[in-house]
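Going down the list, the protein sequences come from chains A and B. Take 1 as the starting number for the first sequence in this note's numbering and just add one per residue. Take 1001 as the starting number for the second sequence in this note's numbering and just add one per residue.
Simulated DEER-style distance windows between Cβ atoms:
1) B:Asp1099 / A:Glu71: 42 to 50 Å
2) B:Arg1209 / A:Asp27: 30 to 38 Å
3) A:Asp231 / B:Gly1104: 36 to 44 Å
Some chain B residues close to chain A (C-beta under 8 Å, calculated; not the full set):
4) Glu1115
5) Val1149
6) Gly1157
A short list of chain B residues far from chain A (calculated; beta carbon distances all over 10 Å):
7) Gly1052
8) Ser1273
9) Gln1299
Don't read these hints as lab results, they were simulated from the structure. Computed from a predicted structure; not experimentally measured. Even for Gly, the Cβ is constructed at its ideal location relative to N, Cα and C.
There are 2 protein chains.
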Amino acid sequence: MKALDQLDTTIQQRMVEASDLVTVALDQLLPRTDGPESRLMEAMRYAVLGPGRRIRPHFMLETARMLDVEERAVLRTACALECIHAYSLIHDDLPALDDDDVRGGRPTVHRAYDEATAVLAGDALQSIAFEIMAHPDTHPDAQLRCELVRKLALAAGAKGLAGGQMLDLLGLGADLRTVARMQRMKTGALIAFSVEAPLVLARAPDSERHALLGFAQDFGLAYQILDDLTDHERDLKPRKPLSHNGTAAALGANFVTLLGREAAGERVDMLTSQCHAHLDVFGTAGAYLRASADFVLDQRT
Amino acid sequence: MKALDQLDTTIQQRMVEASDLVTVALDQLLPRTDGPESRLMEAMRYAVLGPGRRIRPHFMLETARMLDVEERAVLRTACALECIHAYSLIHDDLPALDDDDVRGGRPTVHRAYDEATAVLAGDALQSIAFEIMAHPDTHPDAQLRCELVRKLALAAGAKGLAGGQMLDLLGLGADLRTVARMQRMKTGALIAFSVEAPLVLARAPDSERHALLGFAQDFGLAYQILDDLTDHERDLKPRKPLSHNGTAAALGANFVTLLGREAAGERVDMLTSQCHAHLDVFGTAGAYLRASADFVLDQRT
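Extracted from the complex, chain A is given alone in its bound form (with noise of 0.2 Å):
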């Protein structure tokens, strides 16, 4: 187990490597402002720049270096996904939303700040995504950029990551396909971007396509049931249900009411192996991708 112990340890050193090259650029496509509207540019700042392991950007670096593209490239493209990934969690946790205060043991935003601010931080970090990823910096290639920002606009939108938080807010999800394809939207998409935008920069062929896409598929159903085990074991309660939704009798579902404990777990390990079969293709090439999508699960267990 000797060897497994360095490939996890390498692993970690690489996510920390790419959360650092991720903050760092982040930090400068969002500078501090002065004057009046400051308030707006520091509630983005606090949300972007905060706590979090970064494992969209993480898994986007592995897979543009499997895929030998560009380090360059692929970062402001990282940024992007990262300031739609931090705008959805501003308004996720908004009082009307989930109702949450806390996030990665700090205030949310609209505690920090207030809801109005909250909203409009949301709103311009997703502006700022689509225009870090339109500028020529981003890559010689308009082409590219313009594939890039459909793609990201269509994860983030009503077909993805804001259509999968509607499904979820209406409690539909009173069966295994309901849940699998809420999942598949409102966490999934982006998931599915981390690896796409690679894909697009390298001009992949269509069998690398499928594999990285079932991979950042069935991880992301491994994830999700990961988390809804986790909750279980804390108990939490169910998300509040929409106010005039009339469907809250169908509130709470998740994988783990829906299979059981036990299924669940079977479901996981079965996602996994999936996932290491996605990456067959790619032969060694494949070996830290893997590694680090075990490593994430190993640590949500």
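Please arrange chain B on chain A, whose structure you already have, making use of the hints.
Only chain B this time, still in chain A's reference frame:
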């Protein structure tokens, strides 16, 4: 005055035509969906297809005609702009911001649906704006599409719309310069984009660019002052203060409270003359845009 009346009638017709064109295009770009997440798309459609004069798309289409830009290219861009405009209205109306129950004679989105749906519908409208803009159907040249994405993101973000809304909420407008700056960010940025997008698509020279951006800026300011005059006549209450900012003393300051009614009216006349002067460089080709500005400002009084 008969010639003028005829021109007004023509402008009114062209405004209705532009509005219809954009509404039909938006109806196609935001399709009705089945399934549980349809609530989100419904709320997005409710906001973006509701009544409204579509002043920005009208200016965009008139500017495009003047600059000989193909209607098809500019139509999708106008739709993206309207999605951003609609999202900003949904979020501005939220209880934590302006707390408005009615807009255009209908319940606001958070009243017609609920607050969580309103937050998400605004978010998803911002995403779809960039998806529309970056799509190859908008223009064959990806370089131009990227430039449009960036300019729209800048207009929407912390230094544009969202930043201006933050300033407005902070109630820092104690002097004319700050109020004018806030207005330039909050409402001016999207009006500027309505002339800037055709300028990008036409690859227009700097002289035309300066003229049209000057026109947009003066028009936006005149429009806002007329808005303040209307509010003043109706004796509307100033917006409610932010909960944590401690700057309530300055709240409610606007062009009319700072300048007085008479001087505000004179300022509008001066700005209108400047609007005309900016368009001189286009000769007779500028007649419709000039008449459009006059028509919209006349209707506002």
